[in-house]
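Number of protein chains: 2
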Amino acid sequence: MSDKKTTPLTSPSIEEHHCTVDLRLEKLEMVPFFRDLNDEDLRTVNEKFTAKHYSEGETIYRQGERATMLRVVVAGNIKLVSHTMDGTDVLLDMLKPGEFFGSPTAKSGDVYVETAQTQTNACILSIRLADFRKIMDTYPTVSVSVLDITTDKLNDSRERIRYLSTLPVKKRIAHILVMLANKFGEKDKRGLLIQLPLSRKDLADMAGTSSETASRIMSQFQQDDLITSGRQWVAINDKPELLRISAE
Amino acid sequence: MSDKKTTPLTSPSIEEHHCTVDLRLEKLEMVPFFRDLNDEDLRTVNEKFTAKHYSEGETIYRQGERATMLRVVVAGNIKLVSHTMDGTDVLLDMLKPGEFFGSPTAKSGDVYVETAQTQTNACILSIRLADFRKIMDTYPTVSVSVLDITTDKLNDSRERIRYLSTLPVKKRIAHILVMLANKFGEKDKRGLLIQLPLSRKDLADMAGTSSETASRIMSQFQQDDLITSGRQWVAINDKPELLRISAE
DNA sequence: CGGTATTTTGATTTAGCTCAACAGACGTGG
DNA sequence: CCACGTCTGTTGAGCTAAATCAAAATACCG
Chain A
6 MSDKKTTPLT SPSIEEHHCT VDLRLEKLEM VPFFRDLNDE DLRTVNEKFT AKHYSEGETI
66 YRQGERATML RVVVAGNIKL VSHTMDGTDV LLDMLKPGEF FGSPTAKSGD VYVETAQTQT
126 NACILSIRLA DFRKIMDTYP TVSVSVLDIT TDKLNDSRER IRYLSTLPVK KRIAHILVML
186 ANKFGEKDKR GLLIQLPLSR KDLADMAGTS SETASRIMSQ FQQDDLITSG RQWVAINDKP
246 ELLRISAE
Chain B
6 MSDKKTTPLT SPSIEEHHCT VDLRLEKLEM VPFFRDLNDE DLRTVNEKFT AKHYSEGETI
66 YRQGERATML RVVVAGNIKL VSHTMDGTDV LLDMLKPGEF FGSPTAKSGD VYVETAQTQT
126 NACILSIRLA DFRKIMDTYP TVSVSVLDIT TDKLNDSRER IRYLSTLPVK KRIAHILVML
186 ANKFGEKDKR GLLIQLPLSR KDLADMAGTS SETASRIMSQ FQQDDLITSG RQWVAINDKP
246 ELLRISAE
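Residue numbers (the working numbering), protein chains in the order written: chain A, 6 to 253; chain B, 6 to 253.
Just so you know, the hints here were simulated from the structure itself, not pulled from any lab data. Hints are not guaranteed to be accurate.
Which copy? The list can't say, so a pair holds if one copy fits it or any two copies do.
[Stated by the list, open to error] For lysine-lysine, the following BS3-like pairs were computed, each having C-alpha atoms within a straight-line distance of at most 30 Å:
# : residue 1 : residue 2
1 : Lys-158   : Lys-192
2 : Lys-112   : Lys-244
3 : Lys-53    : Lys-101
4 : Lys-206   : Lys-175
5 : Lys-53    : Lys-158
6 : Lys-192   : Lys-53
7 : Lys-57    : Lys-206
Work out the full structure, taking the sequences as your base and the hints as a guide.
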């Protein structure tokens, strides 16, 4: 436990030249809503996509911009943020490879309702919305699959409304830590390491609180040996207990 | 302004015997996701539905019950509520005729994540999830349409997260009143009357606050002549000003 | 007209925000 | 490899919005 301070995150070293067709094909299969397509259809679909590399902290699109593309994460992590007029941010979602973002069904004239930003270096596929619409009309399994995912996101989102409306900050943060551990956790000597640059402000923007309050609560969890944490990283030591706190 | 106290709501007098096939056919056409079907297909689809009448305050299904049906509102209003262990309720959504509820994509074993309850007398159509899945696989326009609606709900839900995370109660309630006016408002001598039994507790459960606080804020709005309100009803006098308050 | 549910209003308490200062970690360039 | 500047996180003190507790007033229902 001497290295409590050094960042233990394995930074995903996606080089620009790795963001290629080979990787694209391999990963498109991975995307849930293309899994049911056969090889030939998959090849047809693949041609509609273009790949692009982004480095850490880059903005992919901004809230308010005309929505034209649907995007898929091939490598790296993306966060979806909503900015408010007074400067406060709300962190709506964090994405990992295989997930899509940008409204799948925006009509012409619609704009993005959130800002998408990389948390790490990332490789992203894009498809024009019109092309994607055509694919959904051609392959019913695709649209049903996108619907499945969107329904899950809606349920998550409503659960979060429940937490924001009824629970104190401590329980909200405990809950967020458990969710992040489930989605991004990797077994590690430190326990379940959340493989993601994760600041106190990020946590605060997810929990709807200030970074100071988030910090205080994280300190408390650390004192109670529930987590180990340093600058921009968090590892979970006692998930069951955090779960208990969030639900009690 | 003499009758400020008497309820001005026109209660939707849906008699049990009106909830019939005739009404069903007429209304199914109204449902957005069946609008693109031709008459014959519509007839086929219609046969899979059963109609049922519910009276005011009845519970249609409870959170935690096995999810087996997708439902469509033909007449009346439904509210979707999430109950928490400590007794507080969160009002997730209020539905009017034409809207569907119950997860469209629940797998066998899934349960409802919220409770559905009538706010007025209501006529509801039900279809078994397996049957609806078959319809979506057969008619791509249906699944794409359901996806459109679900995406809109997801965006609404995220906007609400933004409000809960960043704005004080007064702005949240102003925002909710504007939204309700847009969805349920009817021109009336009193202004825009929200055609819906709407208590202070309902408002509180939507805004994530206590009914006392909701009451105080409503009193203030009434003093400022922005609304007129009585027991279980609200009319909007000055929507632009409420909008301004919610956004300032 | 009496009974019940809803709403209003008041008084008190408190969780969490804000402002402020400091400390620890990381990157960078010499 | 060290010194410096910057960014992130910690901690403290006071303040405020909103919760809670309590009680009265009003609307509706039979």
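> Between Lys-158 and Lys-192, at a C-alpha cutoff of 30 Å, which is it: within one copy, between copies, both, or neither?
Replying inline: within (26 Å within a copy, 36 Å between copies)
> How would you label the pair Lys-206, Lys-175 (within, between, both, or neither) given a Cα cut-off of 30 Å?
Replying inline: Classified as both: same-chain Cα gap 15 Å, cross-chain 25 Å, threshold 30 Å.
> Given identical chains, is Lys-112 near Lys-244, meaning Cα to Cα at most 30 Å, within a copy, between copies, both, or neither?
Replying inline: Intra 42 Å, inter 27 Å, cutoff 30 Å: inter-copy only.
>> Within a copy, between copies, both or neither: which one fits Lys-192 and Lys-53 at a CA-CA cutoff of 30 Å?
In response: Close neither inside one copy (37 Å) nor across copies (48 Å); limit 30 Å.
> Within a copy, between copies, both or neither: where do Lys-53 and Lys-158 come within 30 Å Cα-Cα?
Replying inline: Both, since 26 Å and 28 Å are each at most 30 Å.
>> At most 30 Å between CA atoms: does that hold for Lys-57 and Lys-206 within a copy, between copies, both, or neither?
In response: within (28 Å within a copy, 50 Å between copies)
>> I want to check one pair: Lys-53 and Lys-101. Are their C-alpha atoms no more than 30 Å apart within a copy, between two copies, both, or neither?
In response: So Lys-53 and Lys-101 pass the 30 Å test inside one copy only (22 Å; across, 39 Å).
Checked against the numbered hints given earlier, this structure breaks only hint 6.
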